[in-house]
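Asks: Chain residues, written in single-letter form:
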Amino acid sequence: MVTYQVQDVSPDMSFLEMLDLLNEDLTIKGEEPVAFDHDCREGICGMCGVVINGTAHGRGESPVPTTTCQLHMRSFEDGATIDVEPWRAGPFPVIKDLAVDRSAFDRIIQAGGFISANTGAAPEAHAAPVGKLQADRAFDAATCIGCGACVAACPNSSAMLFTAAKITHLAMLPQGQPERYSRIKTMIAVHDEEGFGGCTNIGECAEVCPKQIPFDTISQLNRDLIASLFKKDGK
Amino acid sequence: MAVTGLILIGFLLVHMYGNLKMFLGAESFDHYAEWLKGDILYPLIPSGWFIWLFRAFMVAAILLHIYSAVTLWRRAMAANPTAYAAKKKLAQTYSARTMRWGGVILAGLLIFHLAQFTVKATLVSSPATATPYDMVIAEFSIWWMVVLYGLWLVTVCMHVRHGLWSAFATLGANTSAKARTVLNGCAWAVALLLYIGFMIMPVAVLFGWIGA
Chain A
2 MVTYQVQDVS PDMSFLEMLD LLNEDLTIKG EEPVAFDHDC REGICGMCGV VINGTAHGRG
62 ESPVPTTTCQ LHMRSFEDGA TIDVEPWRAG PFPVIKDLAV DRSAFDRIIQ AGGFISANTG
122 AAPEAHAAPV GKLQADRAFD AATCIGCGAC VAACPNSSAM LFTAAKITHL AMLPQGQPER
182 YSRIKTMIAV HDEEGFGGCT NIGECAEVCP KQIPFDTISQ LNRDLIASLF KKDGK
Chain B
583 MAVTGLILIG FLLVHMYGNL KMFLGAESFD HYAEWLKGDI LYPLIPSGWF IWLFRAFMVA
643 AILLHIYSAV TLWRRAMAAN PTAYAAKKKL AQTYSARTMR WGGVILAGLL IFHLAQFTVK
703 ATLVSSPATA TPYDMVIAEF SIWWMVVLYG LWLVTVCMHV RHGLWSAFAT LGANTSAKAR
763 TVLNGCAWAV ALLLYIGFMI MPVAVLFGWI GA
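If you read the protein sequences in the order shown, they are chains A and B.
Going by the numbering used here, the residue at position 127 of the first sequence is 128; the numbering climbs one at a time, nothing skipped.
Going by the numbering used here, the residue at position 102 of the second sequence is 684; the numbering climbs one at a time, nothing skipped.
Rather than coming from a laboratory, the hints here were simulated on the basis of the structure.
Hints are supplied without guarantee of correctness; some may be wrong.
Stated by the list, open to error - Taking lysine to any residue and the SDA-like style, the derived pairs with C-alpha atoms no more than 25 angstroms apart in a straight line are:
#, chain 1, residue 1, chain 2, residue 2
1, A, 97, B, 658
2, B, 671, B, 763
3, A, 186, B, 653
4, A, 97, A, 55
5, B, 670, A, 48
6, B, 671, A, 91
7, B, 671, A, 82
8, B, 702, B, 593
9, A, 133, A, 143
10, A, 186, A, 135
11, B, 671, A, 133
Chain A on its own, in the form it takes in the complex:
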C-alpha cells in the first residue's frame, strides 16, 4: 500500500472527485496517477467500486447503501487516513492499482442470464399479466448493476448474490419461464468454473450491495437449483 496526501478536499466532493484531485496533483508532479474504474458517477452503472476502510463501496457504519461515486468526503473525519483497496478476489484479477477485471460476471450472464426468444416490439401489456408481488420481486432483483461489491465483501469470494439476482429477476416473470431450469444449471456451472467460492450464508454481500439486492434471492436460486433436478424446461 502507498500513502498519498490529498490537500483541499471539500466535504461536498464525491470519493471519486477526491481521487481525481489526487491524480491531478500526481500528474502535475510528474508521477503516475492512480488507476480506478468509473463511468456514470450517478450510482447506476456499476463501474466504480473500491474497498474503503474495509467496506466495499465504503458505507462503513452508515445504514445508507451507496456506490463509491455516491459516497461523499463529508463521511470522513478531516485529516483522516483512508484505506483504499481494489476488489480482492481470484476471479477479479487486478488490472492496475484499483481497477479490476470483472468480465467473469459477463461470462456468467452469457451462460443463461437472458431470454432467447426474439419477442419483437413491446406486446400489449394485458396479454401477459404479472402479479404485483412477483413484479416487485423481479424488479428488486433486476436493479443489480453488477458492480461486484458482493464478491469483494464475501469471505468465500462467492458471486452467489450476483447470480441469484439474475436468476430471481427472470424466474419471477413469464418471459423467464421457458429456460428457467436450464438457465440455473448453466449459470451456476460457469460461476463455479470462473473460480468463485460457494455460499455459506454469512450475509456480507447484501450488506454492501448498493442496490440492496435481497439476501433471500440466494434461497430462490437454491430452490430453482433443487427443482432443476426434477424438472426440465418445456415439460
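Given the structure of chain A, go ahead and fit chain B onto it with the hints provided.
Replies: Frame of chain A, contents of chain B only:
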C-alpha cells in the same frame, strides 16, 4: 452440507433426550442403553444389527459433511488469493466466522467423547466393565470433565446456531427478510435447547443431585 448437517442436528436432539433418562435412575438408563444395542427393528433385521447400521449411517453423514466442508473451504481459499489490509465485518456473526475452525475443534473433541463413552479407551475414573449409568456418574463427578464437556458443547451449539439457519437457507427456506428472522430464531432456540438439555445432566451429577 445442509442435508448431512440437519441429520446430525436431529441426532443431537435424540441423543440429548436419551441422556435425560439419567434422571430416571440407573435401571431406566441402563435399560435404555441396552435397548439401543439390542433388538431394535428385530425381527426385520437380526438382533444387535441396528446399532451397527446406525453407526455406519452416522459415520457416512459425518464424512460427507466433512467432505462438503473441505470442498467449500478449498474453493474459498482458491478464490481468495490475497487478503485485504483492512476488512470491516458488517453482517457475519462469531458463529458464522468460526464454522470451519470451530468444526475442526469440535470434531477433535468428538473423537475424545467417543473414545470415552463408546470405545471406553480413555475412561478417567471408572473401569470399562462399569454399567453405562455408573460410568456416566463416575466421569461427570470430575469437575474438569464437566468444564471440558461444557466448553465442547459451546463449540457444538455455536456450530448449530449458524448451521441450522444456513442449512435451511441452502435448501431454499429463506424466502424473505421475515423468514430469515424466523429461521435465525429457530436456530437460536435449538442451540440453546441443546446446550441446556445436554448440560443439565452432567451438572446434576457434579453437584450430587443424581447418583449420590
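Asks: In ascending order, which of the hints set out earlier in this document are inconsistent with the structure?
Replies: 11
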